[in-house]
Amino acid sequence: MIKKNLLELKNVSVSFEGFLALNKLNISLKKGELRAIIGPNGAGKTTFLDVITGKVKPNFGEVLFNGNSLIGKKEHKIARVGVGRKFQSPRIFENLTVEENLEISVSQSVSILKIITNQATKEKKQEIEKLLNVINLTNSSKTKAGSLSHGQKQWLEIAMLLGQKPSLMLVDEPVAGLTDEETELTADLLKSLAGTNTVVVIDHDMEFIRRLESDVTVLNQGKVLCEGKMEKIQNDPKVIEVYLGKQEDIRK
Amino acid sequence: MNLKNLKAKNYIWAIISFLIIIMPFIVSVSRLKILGKSLALGIVALGVDLSWGYTGLLSLGQGIFFTLGGYAIAMYLQLNSSIGLPNFFSLYDVKSLPFFWEPFRSTYFTFFAIWLIPGLLAFLLGYLVFRNRIKGVYFSILTQAALLVFYNGINSQQKLINGTNGLPTPNTKLFGYLVGDPTTQKFFFYITAILLLLSYLFCKWLVSKRFGRILIAIRDDEARVRFSGYNPVVYKTIIFTVAGILAGISGALFTVQADLISPQYLLPPFSIEMVIWVAVGGRGTLIGAVFGAFFVRLFASLVSSAVPGAWLFIQGGLFILVVTVLPQGIVGWMNENGPKTLLIDISLKLDNFEKNFKLLPLPLKNLIKFLVKKSLTFSKKSITYPKLDHAGKEEVEL
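Protein chains in written order, with our numbering: chain V, 1 to 252; chain U, 1001 to 1398.
There could be a bad hint or two in this list.
[As the list claims (entries may be wrong)] Listed below are the simulated DSBU-like cross-link pairs for lysine-lysine, each with C-alpha atoms no more than 35 Å apart in a straight line:
id, chain 1, residue 1, chain 2, residue 2
1, U, K1173, V, K130
2, U, K1209, V, K114
3, V, K125, U, K1373
4, V, K73, V, K229
5, U, K1204, V, K142
6, V, K124, U, K1135
7, U, K1349, V, K130
To be clear, the hints were calculated from the coordinates, so they are not data collected in a lab. Because the structure is a prediction, the values reported are computed rather than measured.
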C-alpha cells in the first residue's frame, strides 16, 4: 500500500530583499515518517519551517497539507489543522508555571467561551499529568517556566508540542544545549513519536541525527542537495563539498 | 502560614468595608467627594491593569473611554434638569438641540450608553489595530494620537457640547434629586464602592480562568501563542473592550462626584497617570491597581490643595522611582517577599555600621536593635541567606 503524502512543497521560492532563502524547493513527507533535515547555515532550514507554519509567505510555489493548500492561512489556523512547531531557542511562556504552559497547549481546540468561563476539564488535567511525566517535570509543575534550566525549557516546549496533538510536528534544533544523556533521551522520544505522528527534525548535531535512524534531507542554498539514509549522505561528494569545502582545497 | 495570611486578609477586608460604610458619616461632603472620585478611578485602573498589566497592551488613551462615559451621564443630567435646552446653549445662540443629544433624554439609553459606547469604540479601535498587528510602542502612540483627536474634537465644539468649558453637574437633577446635594453625594459614594467591588470581582474571575493565562502568554510571547493555535487578535480585542467598558463606568461615576466633565480629562497627562497608578500599585495584580489608583489619587488631591502645581513633579518622580526601584509595584514587591528581603538587607548593612553605632541617638539605636531582632527571626527561616544568623547575633549583643 502506498502511504499518502501528508506534506508536499512544490517549487517553493522565498526571497528576502533579493536573497533567495528557498529556491524552487520540492519536499514531500509521507504520513508517519520521521525525517531529519540538515544543511549548513543559511541553507533555508528555518525558512522552510516558516513557510509551512505561515510565518513567511512564499513568493512562488505551493504548500499542501493533507491535500489542502496552506498558503495564505493565518498561523493559528495552520496550528489548528495539525501543524505543531518547536522553535530553535525554546519559546515558552516564562511568567506562567510549567503546568499552565501545558494547559495552554492542550486547550487549543477549546472554544473561546469555555476558555473564558471554565477551568480545564479533568480529561485535560490528566493529559497535562501525562505530559509532565513524559518530560519528568511533575515535581516542578508549579514552578514558573522562566526559572527552569535550558534543558528543561527545551523539553517543556517539546511537551507543549505534544499537547497540541499535531499530525505534523516540526522540531527545530531540539537538542541544542542539552547534555549527551538528554540528547539520547530526546532522540528516543522523537523516534517513538514517528509512526503515529509525522515528525520533521532540524539539527546540526550529526550524532543526534544518526541516532534518529531516519531518512535525511540535505538542504543547501534553498534547494534539496540530496536525500537518503545517513550512510549514503555521509559518502555523497556533494554533501562533503558543502560541509567541508571543496576537496581540491583540502588536498592543497 | 496560609491560614494566618487568610486571617490577616480577612481583617484587612473587614476594616476596609467598615471604613467605607462609616465614611459618609464622619467626613465632610467635600472630603467624601475626593474619596469617592478616588474609588471611581480604581475602576478605570482595573481596566488598565487587565490590558497593560496582564496582556501587555500599553494604552495611553484610556481617557477617551473615561470621558465618553462622563459625557454620557452629564448630557443625560443636563437634558433632564432643564426646561427646553440646557442653559449653556443660549450663550452660543443655539436654538435647536444637536441631533446626538436627543437619545440621552432616555434613562434606559443613557444607562447603556455609559458603558456600551466606550465599549463599542474600544472594540472597533482594538480590532482594527490588533488585526493589523500593530503592537508595542506603536500601539501606545496610536492610542495617544486618538486621545488628542478626541480632545481637539470636543474642545473646539462650543455649540455642540460646550467645548472647553465642559458640562457641569451639581445643579442638575437625577430622578428628581439634586446631584450636588450631600445626601445624593453619599449615595454616589456607596454606588461607586459597590461598583468598584463588582468590577474587581469580575476582573478577578476573568483572570482566574484559562483566559487569564492566555493573556499573560500573549504578553510573554504573542507569536508563540499564534503557533499554539490561538488567535491573539480575539483575546486582545476582548480585553481592550472590557477595559473600555470599565473606563466608561469609571468616568460616569467620577463625573457626578467631580461636578464637571470637560476635555481636560482627554489630555495626555491624565491617561498617563492611569498607567502610573497601576505601575505604583503593581501591574498584573488587580488589587494593586485599585490601591494604586486610590492612594496616588488621594495623595494627589492632598498635595494639590497644599501646593498647587507641585503634583506633576511628584507624579513624575513617583514614576521614575517605581520603574527603577520597584518595577513590580508595591503589591508585586510584597508578593515577592520584598519586605523580608529589605529587612535582611538592612541587617547586612548594619554589619558595616557597627563602628558608628555608638554615636547614634538612643531612639535610633533602639529602632535598629528592633530591626535586627526582626531580621534575625526572619533569617532563621531563610535558606538564601545562611550567613545571616551570625551577623544578626553579633548585632544583638551590642
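### Message
Can you confirm whether the C-alpha distance between K124 of chain V and K1135 of chain U stays at or below 35 Å?
### Response
Holds, at about 32 Å.
### Message
With the threshold set at 35 Å, check whether the alpha-carbon distance from K1173 of chain U to K130 of chain V stays at or below it.
### Response
63 Å, violated
### Message
Check whether the Cα positions of K73 of chain V and K229 of chain V lie no farther apart than 35 Å.
### Response
33 Å, holds
### Query
If you draw a straight line from the CA of K1349 of chain U to the CA of K130 of chain V, is it 35 Å or shorter?
Violated: K1349 of chain U and K130 of chain V sit about 48 Å apart, past 35 Å.
### 35 Å Cα cutoff - pair K1204 of chain U, K142 of chain V
20 Å, holds
### Message
Given the hinted pair K1209 of chain U and K114 of chain V, is their Cα-Cα distance within 35 Å?
### Response
Distance ~9 Å between K1209 of chain U and K114 of chain V Cα, so the pair holds.
### Message
Can you confirm whether the C-alpha distance between K125 of chain V and K1373 of chain U stays at or below 35 Å?
### Response
Violated, because 46 Å separates the two Cα atoms, which is more than 35 Å.
Hint violations for this structure: numbers 1, 3 and 7, all remaining hints satisfied.
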